[in-house]
Amino acid sequence: MSHLAVQGLEKRYGGIAALDGCSFDIPGPGIYGFIGPNGAGKTTLFDIVAGATAPDRGEISLDGRRLTGFSPHRLARLGIARSFQECRVFGEYSCIENLLFSSIALGTRPDPAEAERLLKLVGLEAYATEPAASLSFGQRRLLEIVGTFLQRPRVLLLDEPAAGVNPALLEILATFILRMHEDRPSVCLVIEHNMEFIMGLAREVIVMHQGTVLERGDPQAIQTSPRVIEAYLG
Amino acid sequence: MRRAGLLMLLVAALYSIPLVSAPYVLHILVLCCLYAIPAVGLNLMLGYTGLVSLGHIAFAGIGAYTAAYLMVDLKLGYWSALALAVAASGVAGAVIGAICLRFRSHFFMIVTLAFGLMLYSVMNNWDEVTRGAAGFPGIPRPAGFGPLESFYRLALGGALVAFAVQWLVVRSSFGRILVALRQDERLAEAKGVNAALCKTAVFALGSALAGLGGVLLVSFLRVAAPASFNLAESINAVLIVIIGGAGSLAGPILGALLFVGLPELLRVAAEWRLVVFGAILVLITLFAPNGIADLIARGWNRLGR
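Read top to bottom, the protein sequences are chains A and B.
The first sequence begins at 1 in my numbering and counts up by one.
The second sequence begins at 1001 in my numbering and counts up by one.
I should point out that these hints are in silico values taken from the structure, not numbers from a laboratory.
The structure presented is a predicted model; accordingly, all values stated were derived computationally and were not measured.
Among the clues, some could well be false.
What the hints assert, rightly or not - Negatives, chain A to chain B, calculated, CB over 10 Å:
no., residue
1, Y32
2, E92
3, F101
4, K120
5, Q151
6, A163
7, E196
8, M199
Said to hold, decoys possible - The calculated label-pair distances, taken between Cβ atoms and stated as ranges, are:
no., chain 1, residue 1, chain 2, residue 2, range
9, B, A1013, A, A168, 54 to 60 Å
10, B, A1232, A, G164, 43 to 49 Å
11, B, R1302, A, A168, 36 to 42 Å
12, B, R1171, A, Q85, 30 to 36 Å
13, B, A1083, A, D111, 36 to 42 Å
14, B, R1298, A, H193, 40 to 46 Å
15, B, L1074, A, E116, 37 to 43 Å
The beta-carbon is built from N, C-alpha and C at its ideal position, and this holds for glycine as well.
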């Protein structure tokens, strides 16, 4: 069971409300897409759920346990993993070292065989001992996302995984995420602007607009919703 | 195995230097060791974790004055005073480090600089305890290490202890975490690293090593003077680490050898000595931006091919 509840989140930067009473409920494992125009508050929402930013108001809970205001490392220990919009890997560490780092950080037993298996799934096995800085952007993105799955998350936050990734790698990425999700289901929230990518991935899409949830539903219904179309065009 | 053997051989050679060397050279080598010890501590902070402290040597001063007070005023035995002084530096490092680490990058540097100046001014002005600017005289050397030849072995032992601590830390999980923090702190935290705790711990450890160096230095000089722990000395420590090779095991040792040894070799240049020394430092930063350790490693690899 993983039940993520977000209740009345508010966050202001100066006079601008990045989040303005954002609430939603994720009853259990599944891939959920988060879309919305720029400035809708998607990344702020992820930063708050991952503990990188503190909300002005509102609550987050996982299986009834209140998580609001916890630090990122504590949330990581409770099973919340994330990727970053700007893509972050340890450039000096090799791909394998990057993947094994979460077990070092958490003090658990490293599993190099598993790391190599996942690296092979995304076609990066030839770069296993190369420093991550030598990879292309798309490859770094794959590495980053493989790393989040190795944390065995209960809640996984992927912030624009498809941004800047070329079509060939994008297909690998989508297949990988679906396959990993099937093996070990988690509450997987994905921010994405690439509609084709997210529609193929998510079972449900949540549309954000001006700091709140505007609409939520299955991908087909969302694409034809007049309110969503207006938010994007208006 | 071969590397361990080479290291043993090197240590044996260093240990036997007093048999063949003139007192002057030995004196310089003692100073090299005593500069290397705090530099090793700073290397863990600056080189491995990316924390540039501009007040590092002030923590050597805390160790030095604690030891002086315990040995001279409280008549405590040498080794227990040394242990307590190192612990005092470590605790001071943890407390002051926790404050400094609330700041980042250049703000962190400024706050460490400020604490360094504050600690220096305490050493310089708290006459009742530190004897002020005149210095704290009468600091003993431990029994059996009085003469220069034997003190050299103590200083060498101290440097080896510092080096061993550094080696153990760097190859541990804690060391991996430190290097990760240097590369990307936000990512390390998202992976579950308590960054504030780890950085405070390395600040404390680095300060404790500085304290060890401070105690041995004033014990060698037989007097603790504030000038040994001023801002210039803290900057020197940063230079030693960077020129030697920040983030490499041998870096601080090589840096200390160069920093203490080179000005002595340049005595032939008389009043031009510091000018030449400065020019050489510039050349090193130009042509070996990753330090002498890296330069040697690259040369070694080229030879091997």
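We went through each hint and held it up to the structure:
| no. | hint | in the structure |
| --- | --- | --- |
| 1 | Y32 | 20 Å, holds |
| 2 | E92 | 6 Å, violated |
| 3 | F101 | 6 Å, violated |
| 4 | K120 | 22 Å, holds |
| 5 | Q151 | 7 Å, violated |
| 6 | A163 | 17 Å, holds |
| 7 | E196 | 28 Å, holds |
| 8 | M199 | 27 Å, holds |
| 9 | A1013/B to A168/A: 54 to 60 Å | 58 Å, holds |
| 10 | A1232/B to G164/A: 43 to 49 Å | 48 Å, holds |
| 11 | R1302/B to A168/A: 36 to 42 Å | 39 Å, holds |
| 12 | R1171/B to Q85/A: 30 to 36 Å | 34 Å, holds |
| 13 | A1083/B to D111/A: 36 to 42 Å | 41 Å, holds |
| 14 | R1298/B to H193/A: 40 to 46 Å | 45 Å, holds |
| 15 | L1074/B to E116/A: 37 to 43 Å | 59 Å, violated |
Consistency note: the structure conflicts with the earlier hints numbered 2, 3, 5 and 15.
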